[in-house]
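Q: Here is what each chain is made of, one letter per residue.
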Amino acid sequence: MSRVGVFICHCGENIAGTVDVAAVAKAALDMPGVVHAVEYKYMCSDPGQTMLKDAIRDKKLDGVVVAACSPRMHEPTFRRTAEEGGINPYQCEMANLREHCSWVHEKGEPTTAKAVDLVRIQVEKVKRNHPLKPIRVPITKKALVLGGGIAGIQAALDIANTGSPVLLVEKSPSIGGHMSQLSETFPTLDCSQCILTPRMVEVARHPNITLYTYSELEKLEGFIGNFKATIRKKARKIDEKLCNGCGVCQQKCPVKKIPDQFNEGLSNRAAIYVPFPQAVPNKPVIDLANCTYYKTGKCKACEKLCPTKAIRFDQEDQIEVHDVGAVVLATGYKTMPVGNFSEYGYGKYKDVIDGMKFERLASASGPTGGAIKRPSDGKTPETIVFIACAGSRDRLKGVPYCSKICCMYTAKHAMLYQHKVHGGKATIFYMDIRAAGKNYDEFVRRAVEEDGVKYVRGRVSRVYEDNGQLVVKGVDTLLGGEQLEIRADMVVLATAVQAQDGAEELAQTLHVSYDPYRFFAEAHPKLRPVETNTAGIFLAGACQAPRDIPETVAQASGAAVKVAGLFSQPELTREPIIAVVDRQPPPVFSHCVGCFLCKSACPYQAIEEESIKNRNGDVLKVVAKVNPGLCQGCGTCVSTCRTKAIDLQGFSNEQVFAELMSI
Amino acid sequence: MADPFEPKMTAFVCNWCTYAGADLTGTSRIKYQSNVRVIRLPCTGRIDFMLVMKAFSRGSDGVIISGCHPNDCHYTSGNYHARRRWMVFRDLLDFMGIDLRRVTFSWVSAAEGAKWAELVNDATNTVRALGPYKEVQQLAAVGIE
Amino acid sequence: MEALQNKAKELLAASAVKVVIGYGKGTGESRRPIFVRAAERAGDLVVDTACTQNLATYLTKAEVRALGRIAIVAIPSTLRSILQLAAEKQLREENVLALAIVDGGVRELATFDAIEEAVATIPDAIGEADQKMIDKLTAMSVGERRAFWADELGRCVKCYACRSSCPMCYCERCTMDCNRPQWIPVASHAIGNLEYHMVRAMHLAGRCVECGTCGAACPVGIPVHLLTFFAEQTVRRQFGQKGGASAKLDYAMSTFKPDDKETFIR
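Protein sequences appear in the order of chains X, D and A. All letters in the first sequence, in the order written, are residues 8 to 670 by the working numbering. All letters in the second sequence, in the order written, are residues 129 to 273 by the working numbering. All letters in the third sequence, in the order written, are residues 26 to 291 by the working numbering.
None of these hints come from the bench; they were simulated from the model. No experiment lies behind these values; they were computed from the predicted model shown. Do not rely on the hints blindly, as some may be mistaken.
Straight-line alpha carbon distances no greater than 27 Å define the calculated DSSO-like cross-link-like pairs of lysine-lysine that follow [unchecked claim]:
(1) Lys620/X - Lys43/A
(2) Lys114/X - Lys243/D
(3) Lys86/A - Lys628/X
(4) Lys632/X - Lys43/A
(5) Lys273/A - Lys628/X
(6) Lys620/X - Lys114/A
(7) Lys43/A - Lys235/X
(8) Lys86/A - Lys620/X
(9) Lys282/A - Lys620/X
(10) Lys404/X - Lys243/D
(11) Lys114/X - Lys48/X
(12) Lys43/A - Lys86/A
(13) Lys307/X - Lys240/X
(14) Lys243/D - Lys48/X
(15) Lys286/A - Lys628/X
(16) Lys243/D - Lys533/X
(17) Lys632/X - Lys282/A
(18) Lys226/X - Lys273/A
(19) Lys241/X - Lys43/A
Bound-form chain X, shown alone:
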């Protein structure tokens, strides 16, 4: 006969204020199998836990039900306590009397009756619990970092510095990400590339980091500690070992009029190109869609002129499969296209640009050498209008969230403009100023007080072109809603930060959750910001939510520490909540009839075939077998099995049936 102990927690007044805990304890004592039932103020406290351990020992309990808060809060706590008390941790269950009872129902008899039912359900379950042992799994101590922007770079360096090898995979031909496109960064106004490029070079030189640029992840199989990553190294059409970065190919390529993505279309590049001069690696790549040779079979100028004969037109994509133990997602963001905004011209006005384009204008290594010039005619704008919140905080036509970085970079842009165009007039239309970081508010005040930027609190209803200038119609709400019309030479929209293109597909490839805006979902918004719900896959940077550089770097280091923590253990202990196919003595061997419908249902391909043989080696029966390393414990197989030969430990058929029958 079972000897179950029931411990009812008051949780201060949280439970006891609504549920008659004494009555619940009394009722519990009447339940078959329960030999001990007490109530206590705070079960999770030290004295509470000591009491639990003492009771296990003194009353020789073989099962424990803690009726308190949600198991999602304290199940690990009490399971550990039960283990210290001398029973298997999986002989401990929790009844949720707080989140599911005292906090949501009125005080009264029905609520207490429900509490008794909830306790009874868990008593019936725990009577059928079996002692389970955690599963030990080896760990491949190698990390995969997806994305070579500042987030990926920081994470890769931090992990590599702990001694573990890192594979850094970047989709574009160079690492650096959006940070390499920025001119100066807030709040210090130091040059973005100056602080970034040393990190980029460190990544390239680091003995523990293998850099795969112009590469993408095709498939990720396996589970934490034991992933198999299939990576496609796209063909640059260059032999990287021979190329010395002289640049002759780019100069001599006859196709020169391709809009340069790095410069946001403000300049052109050739069909063979290096994205920017400080690119790491500094090796070109051939843009197949625009290369004359690939389109018509003629040219090959680069091949003829390359001094080291490094061009390889027949180079194929290479597929490599790597074993890794953890993955860090650092794929970054994009900004909402200007074409989205009907009021601001649908993107057809050349001088209505977005923040990233302004960065390229302001950048000393940009297409205009750092001079602010109108894209339409190259003249210097005398009047410039910045529109904040373009697309952000807009439930109807944009995204409802705040993009976080725009208030700061708009102030920065206005300041840079004022520094470069003395006498220029900068106006910023804003809704609020969000400058919460360290030295952030002081930075914005500088723009107003020292650089004379005019801040107008109001929205812009329309921008249209008139005679080579842009007419901006807005409102000043601090002046009682006075309508304003400004004739500007250039308009800069602070467009919303959005998830990277392809984020949804990548999330599905990795089985990672994402929110309606395609930002990757963290495991818990407050307490687990760098993990995902998929064990072994971590998050860093703007792929999770809009954020600035200091936060990105901090989060990347956070993700790196999680990886390092994982790798610091000799092996990984996994929860034993897994499925098991039954085994019986001969001649039955197993109730499984080998139909393998479970195998086709398993989301993790965790079910294998096992041939049961006699001593002569003749196969008597082929039955299903669960791989304990792969099974995640969802139980889909259990519902699919007709004969109930497969069962889920921890949520077995007997347990769930008993729970249901006890209500």
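Based on these hints, arrange chains D and A on the given structure of chain X.
A: Just chains D and A, lined up with the frame of chain X:
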């Protein structure tokens, strides 16, 4: 005077989304009717249709089944399998004469605390209006347990 | 008929198969399964429109499996059953020779591919009377249906003839026989009967070949086959997949499409 009828509601929910969502309902202190008894399972994929069947024959007047939204399953596809099972089982229940108004299916995520409360209240109210499930309970009362 | 008898004689005489499972004369006008082992007894085999029982049930019995290669007289539903059993890894191709009854004679189908090809040409439709009954039931109200089934299933004595006669019910330990937990009461029981047939229909959904043998086997005349037909039709209608179409597993209830149409989920 006899007590007014209070329906017995059983809910089968998945641990990662709906159970967490119900926890959020609690943390937010949103009140809902107390008739429901939740049975926690790791995933909706684990919800055997036999459990739903037994809930009714055991005396439940109404059943709620809830899990993660499609594409968000913690185990990637358990809820897709569950959905298929429900599509067939629901039609079969109807064909065999079980009142589908007493069964509520839903997707409730870990962030939808308010939705859980609304769902429980609506389902409980609907079943209260339909009355006790006498037709099935009478059949169950015949003979052995 | 003669063609079949000759073919059986030939196969048995050459020891190409250990037994020919087919139909023989039963009492009155009925037909019953027979197991012809000796070539001389090939004449016992009968083939006519009264041969409706799906003989594939015997293919998964341990006694038959132990014999090695066997031949089976196959009406269309038997061919479908063979494919479904093959998809569920219950049959080895080299051990089953299907003797398909076609106009004017017998066709030997020795591979699952050949059976698949043959099955593809056979139309799906269930019997007219059965379809009429299903239509009549779906047109009733929920209460009327409940009364109908409670009435019908009230007569069920849990003899399990339906289960025994079904080729797809080959589980060595049926859910009904599981007592930890005892999902469904063993004895004939008002709610238990409803539960048993509900479970059987769900277990057959996507696997049923619509042979109707279960309903024919019922000694008290309950149209249990209508339940499995309905489940199968539901699967076909909702997902476009069906039982007994291929030897490659395509089980609707263990596969899914991300955009399966849900109309009832809040």
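Q: What are the numbers of the hints that this structure violates, sorted from low to high?
A: Structure breaks hints 4, 7, 9, 14, 15, 19.
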